[in-house]
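Number of protein chains: 2
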Amino acid sequence: MELTARIEAKQRLIDVAAGRAPADLVLKDVRYVNVFSGEIRRGDVAVVGGRIAGVGSYGAPNEIHLDGVVCPGLTDAHIHLESSLVSPAEFAKAVVPHGTTCVVTDPHEITNVMGTDGVEFMLRATEGLPVDVFFMLPSCVPATPLDEAGAELDWTAIDRFYGNPRVLGLAEMMNAFGVVHDDEAVLAKIAAAERSGKRVDGHAPGLSGGELCAYVGAGVQSDHECSDPDEAMEKLRLGQYIMIRDGTAARNLEALAPLLRGKAAERCLLCTDDKHPIDLLEKGHIDYILRKAVACGADPIAAVTAATYNAAQYFGLRDRGAIAPGLRADFTVFDDLEHFRVQAVYHGGVCVYDGALAPFAPPENDPLLREKALDTFHVAHIAPEDFAPNGSQGVIGMIPGQIVSTDEGRAERPDPANDILRIAVIERHRNTGHIGLGYLKGYGLKTGAVATSISHDSHNIIVVGATAEEMALAVRKVVENRGGITVVRGKEIVGDVPLELGGLMSDTPLTEINEKLEAAKRAAFALGVNEGIDPFMTLSFMSLPVIPALRLTTRGMVDVMTQRYI
Amino acid sequence: MELTARIEAKQRLIDVAAGRAPADLVLKDVRYVNVFSGEIRRGDVAVVGGRIAGVGSYGAPNEIHLDGVVCPGLTDAHIHLESSLVSPAEFAKAVVPHGTTCVVTDPHEITNVMGTDGVEFMLRATEGLPVDVFFMLPSCVPATPLDEAGAELDWTAIDRFYGNPRVLGLAEMMNAFGVVHDDEAVLAKIAAAERSGKRVDGHAPGLSGGELCAYVGAGVQSDHECSDPDEAMEKLRLGQYIMIRDGTAARNLEALAPLLRGKAAERCLLCTDDKHPIDLLEKGHIDYILRKAVACGADPIAAVTAATYNAAQYFGLRDRGAIAPGLRADFTVFDDLEHFRVQAVYHGGVCVYDGALAPFAPPENDPLLREKALDTFHVAHIAPEDFAPNGSQGVIGMIPGQIVSTDEGRAERPDPANDILRIAVIERHRNTGHIGLGYLKGYGLKTGAVATSISHDSHNIIVVGATAEEMALAVRKVVENRGGITVVRGKEIVGDVPLELGGLMSDTPLTEINEKLEAAKRAAFALGVNEGIDPFMTLSFMSLPVIPALRLTTRGMVDVMTQRYI
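Those protein sequence lines, which keep their order, are chains A and B. Just so you know, this note's numbering puts 429 at position 429 of the first sequence, and the rest follows in order with no gaps. Just so you know, this note's numbering puts 436 at position 436 of the second sequence, and the rest follows in order with no gaps.
Source of the hints: derived by calculation from the structure; they are not laboratory data. Certain hints may be false.
To be verified - Beyond 12 Å from chain B on every Cβ pair, some chain A residues (computed):
no. : residue
1   : Arg6
2   : Arg199
3   : Tyr241
4   : Ala264
5   : Leu337
6   : Lys372
7   : Gly391
Unchecked claim - Stretch by stretch, here's where chain A covers chain B in the computed footprint (C-beta under 8 Å, at least three residues):
no. : region
8   : 17 to 24
9   : 143 to 152
10  : 252 to 259
11  : 334 to 345
12  : 529 to 535
What the hints assert, rightly or not - Calculated pairs, EDC-like style, for lysine to aspartate or glutamate (alpha carbon to alpha carbon, straight line, at most 16 Å):
no. : chain 1 : residue 1 : chain 2 : residue 2
13  : B       : Lys263    : A       : Glu282
14  : B       : Lys292    : B       : Glu338
15  : A       : Lys198    : B       : Asp319
None of these values were measured; they are calculated from a predicted model. Every residue, glycine too, gets a C-beta built ideally from N, C-alpha and C.
Just chain A, with the same shape it has in the complex:
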């Protein structure tokens, strides 16, 4: 903002604060959370030009009376927006009624597909939404050298984005091994973020002792992978901020809720990491975490502070996170600090939810970027022969409720009757013709096939099926849809979730995507998929060669512990 504009905005605010001019609106005689003093206080909150002008005694033609508790707007400190399966505008529609006014996203998924065009696409797709979207830049594209992603990004590829004020740093540094072992390319990414004065988020489940010191000392300032309080306290004592995560794929809140009492709470933030449609619709977002945290014994004000001020503080967002003069007028009004039912949401002084969502126009993306996002599948015609047995291959064992797998030896051919299914991963970014083949045990499918272009982290097409014909049809349908999830039975498409944006998201409304997804799930279960397994989410992890024991990539079966093809 130009200096003159800054000065004029200040003058307008000062005049209201000092009582010389009327506010745009006044929240009259409300109870509000003061994150600085840790109190619930009562007073008038005057707003002008989207900012809080004053807290005290104010009047305005536009006085709002609220019987709930006014909190600063909620922040999700770490999410991959792609996990909602919908465009950011549709995501915003889903989370604003839950009180979210700010999210920090890592566009890791779409960047693995589209490279830096993915970052650009998401930056454009999040402009002017009723929830402010900030970015951390993907640090690991591809996730490992074994992966065939849509791009390979070193520090030079992403450095220019740090000039964007919505880019706050480098996202979860998953390559803890690389950090701890002095990998120059990895450390260059951290050093470049630091040089720009930005944050570096961590991702290091279980890292401890000297290796944790090395990781923290290298500059990694947060962690969202803690699953027990001792791990969290070790990291916190070494200076990391702890993002308490409770999302769809991983839920650590019950274990970590004790941190939201006392001194440690000052260093805690809240995040979801991944949030699937049904979860957003049925549970909520950060409001759900607050409700559950307090039910688990968290101090309510400490929990609210974690979801607001602490996030702003950590990310250097000095314009938000509290109810105080000069800050953005982002408010979430709860009925109380026990049930956390959202009564109203204000974003930049504008009421965006008061029982109903205020309509807004989704941002227009750049036509060329949109075209690129709609054209990410480059795969030659797939035929049943592509999945034909060609000798002995490894068998991945699936475990209900988990994303780790087991090594089930080898098989010669599919045997659905005995739970040995054909699984394949088809490279789809550059038409290399690479198809990795293997077998899958424990999925349970008796007939038909399931294909998905959500396959972490490179998002090639993963397909599993009882017959080669059904597998080929399922894959062809995914390609025809420009991405998504397909369930096939015989020659029929019995489940179909088109995700046309990068093969990961859709412009369709969230409720609609959710219906399609739940219908497809039912179809998959009807084909025999084991009840303990999420037919698509669990499958989507079978190609991520960083989680033990066996994984299938476009080049074949990988023994994760040795990082070798078998």
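Given chain A, put chain B in place with the hints provided.
Using the frame of chain A, we list chain B on its own:
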């Protein structure tokens, strides 16, 4: 730092942290304060390349055993280094043994004399000291339009300094009236600091309610002028950080110590503002505040955190403030957290004090800047006639122990026998020949004269005396000395404190300046100065036309309440 150098430094640190390489030194099995968890913990602290590599279990050829409590190095969050009357190198020698490793200075005094050359001079004079010196840029030069200072600085004059990584923001915005009344030039200074991502410190004693909201909302983020807990809590609740001040000129710790318990402590910092030689030598620095705070009931760890981590956090100094991997190895080792006796001090991993101060070479200043600092007096010959009565003039009444004054009406001529002394302020920056004349009551001098070039905030020469001859001699001696304090009796110089750097500081060691100053004080008292008055410090405020009731400037006597010459 270049990216390559950053990466190499990281690799060196990582290797030590991970146990693959020996540390430069290890504090072995020490008790240390963990500011994140609020605990005293025990462990090994490994240091390499001036940074902390790890905290846990480490060994090194160079193991240090300490029986005290290791704290992060102490920070003075707001000081005018000039108040010590010595050069920054001499100041460093005085404060390092008290555990200070970092100070944030506002070079307000020398900038009123030298303009931005004063900022530049202080930046150079503080390079490479064993205490890190950061800067806030003077916001009010001159302090008021009634003052004749050595410079007039608007935002454009100081903006270039924000590029210096040691410049952290805009110093205490004393012109609260200007802020609250939309003064464009004042708001431009705040807006420019914000645009550079910097902090804006406040100075607004007693400001409250809507005007305080206006001041905070305009962007002023801290205050060090609170003198009671209610005032502090009002400011804290509105989002300001509270710098608890305990220095020479103002001491608010006893009143504010209750803040250093519980939630409010998170938003508190410690500072001295002004620190005179005898105070530094006899009481100490931030260590003294800690000792006194705990004696007043502060939580010891909260007090240490205010003096370390909170300051780093507020000023955005991400490389310090805690004992954690990756941060600077700045340590202050206390015997315990009650007496706060300093056993040792480490600065960037180097022991700079262990009962004795490690010698260091003071930085070489730029020769041209030094020449300028030594040549700030531009005054024509001063004769007794300059102080001759020229009609009825106002009488300033001094009050023992205070810097406010009273309006004692008018007088026609000096009458030392009845405590009516001649007082004059001589413009000394640009040889304008301006001499403001008036009378002073309550100072008590019976014979002789006292002159000083420390006269807030413009630092012209202030002189008071029983006879015009003695006054002229005292002023001439100050000019001859290129600044300082002089006490004259008859034709004899009976007290003499040369302050040749800008008329404010000396290269002389602190103990020597202190001896001269105390000798000069004794000489002044011997001439009759009232015991309740600091002969030089109280006098130095008599020309600051922002403190009621009467003040004398180079242009004459000012009624402060009306801001008019009488």
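Handout entry: Ascending list of hint numbers which this structure does not respect
Key = Hints 1, 2, 3, 4, 9, 10, 11, 12, 13 are the ones this structure does not satisfy, whereas the remaining hints hold.
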